[in-house]
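**Q** Could you put the whole structure together from the sequences, leaning on the hints where they help?
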Amino acid sequence: MSQKPKPSHGLAACPGCAEPLDSGDRFCGACGYDLSAVPAAEAEPDRPTVAIGTPVTWPDAPPRDPGSLSTMTQHPGDLPGTDSGGRDLPTMEVRTDGPVPAPETPPAPATGSGTGGDFELAAPDPRTAVQADPPPAFAQGPAATPGATAAPAPSAALCVACRAGRVDTDGYCENCGHAQPRERDHMEREAGPVAAVSDRGLRHHRNEDAFAVSTTTLPDGSPAALAIVCDGVSSATRPDDASAAAAAAADASLLAALPRGTHPQQAMHEAIVAAAEAVNSLAEEPGQDGAEHDPHRHRNAPACTIVGSIVADGLLVVGWVGDSRAYWVPNDRGTASVRLTEDDSWAAQMVAAGLMNEAEAYADERAHAITGWLGADSYELEPHTASFKPDHSGVVVVCTDGLWNYAEGPEDMARVVPADAADRPLHSAQVLVGHALDGGGHDNITVALVPFTVTPQGAGSA
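With my numbering, the residue at position 385 of the sequence shown is 385, and numbering never jumps.
Since the hints were derived computationally from the structure, they do not count as laboratory data.
What you are looking at is a predicted structure, and each value in this text was computed from that prediction instead of being measured.
Keep in mind that the hints are not guaranteed to be accurate.
Only pairs whose alpha carbons sit at most 20 Å apart, straight line, appear in this in silico EDC-like list of lysine to aspartate or glutamate [said to hold, decoys possible]:
#1 LYS389 <-> ASP313
#2 LYS389 <-> ASP438
#3 LYS389 <-> GLU342
Pair by pair, the computed Cβ-Cβ distance ranges are [claimed, not checked]:
#4 ASP332 <-> GLU190: 23 to 29 Å
#5 VAL273 <-> ALA353: 26 to 32 Å
#6 ARG163 <-> ASN357: 48 to 54 Å
#7 ARG163 <-> ALA352: 51 to 57 Å
Don't be surprised by glycine CBs; every beta carbon is placed ideally from N, CA and C.
**A** So this is what it looks like as structure tokens:
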């Protein structure tokens, strides 16, 4: 997600981290590198390949000054190799045409797969990452000495990628260097009938989405269910903190307002204002700009989008700022599904002005440039809210563009939402996240499902 249209940069990969880039990217989705600051690459001179068999002439070693304490330069083969214990290394034939023959002594434990010394390692998938059992060496230590201060136990976590190295305190494998899945890489929550799932996706180095799902009661004792979903603006500073602060503030505001009897639509408006204030306060924290003195990183104020839904007292209320969306999907798929929100985006403005139809606008590379967001550098805050009173049961899908990019139209969303979503919201949210991952997972993915049940006329009466 970006705040401005993205010009083409002509780079195939990020200069900072080598992450593959799309032609319209303005910032690297992995490290945040500002691609507009990269000068145009000049044509490099031709570099002919050097034949492998070309002999190399090494210069003679310089003579040692008799008064110098330094040792003479050694050429390969001048000294026999030794292992860490000082013993001569075994002589082994060196081959380059196939697998290395096994030595006579048992090999050390392998740290990778493949033959011929190749080390094939795939990036860890946060959906399947598990905490490994502690290796035997760290399962137990020597008995503690009475009166002695116990030393902190070493980390027993194994790397989810190579399954051999220990994970250091910074979350990286000491063996292969892979970053381990973090708490926000994949999150799942249930609160009564409401459920949500968020995933980092397959292209981003962190999850900049956040959500909150809760239940409460109205003054008359009737239940209320709510869901808030926020998407951090990647081109801004600390987008992950912005989305987390907004989701928490909006959730707290709703849980305070609804039991007091505040109308759900007014409560949603107040919740979005509270979320905006929480994000604005991040820009005021000293020394927290997150730019790390990197001239290629933007120092825009923290920013995010927000979308929320409340189901209470027979009403369905939605509120939003930005391009995160809410969809209505009825249980009876013979009834039309509906998108309940309108994007604050370049594409939506083009459609509203009659300059393009929806297909043309969303095919443009500027389509996802947002025109409304929460943040200190946003335009005047204009929370959108709307109330609906469906006459049949269904489910509200509250999601970021990481999902709706793969199911954009209401009928597309209805096709991928499981038929039993109202009865199994968590499972259905998992299915929807899986749908986005199977489609490419180019962005963070977050979806919350809020069931809406219509009580048949006369039900419960004497």
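**Q** Now look at each hint and say whether the structure bears it out.
**A** Quick rundown of the hints versus the structure:
Between LYS389 and ASP313, the direct Cα distance comes to roughly 10 Å. Compliance with the 20 Å bound is thereby established for this hinted pair. Of the supplied pair hints, the one linking LYS389 and ASP438 is violated, its CA atoms being roughly 34 Å apart against a limit of 20 Å. Note on LYS389 and GLU342: the hinted pairing holds, with a Cα-Cα distance of about 18 Å set against a maximum of 20 Å. For ASP332 and GLU190, the Cβ-Cβ distance of about 25 Å falls inside the hinted range of 23 to 29 Å, so the restraint holds.
About 28 Å separates the C-beta atoms of VAL273 and ALA353, a value consistent with the hinted range of 26 to 32 Å. The hinted range of 48 to 54 Å is satisfied by ARG163 and ASN357, whose Cβ atoms lie roughly 52 Å apart. Take ARG163 and ALA352: their Cβ atoms lie about 53 Å apart, and the range 51 to 57 Å holds.
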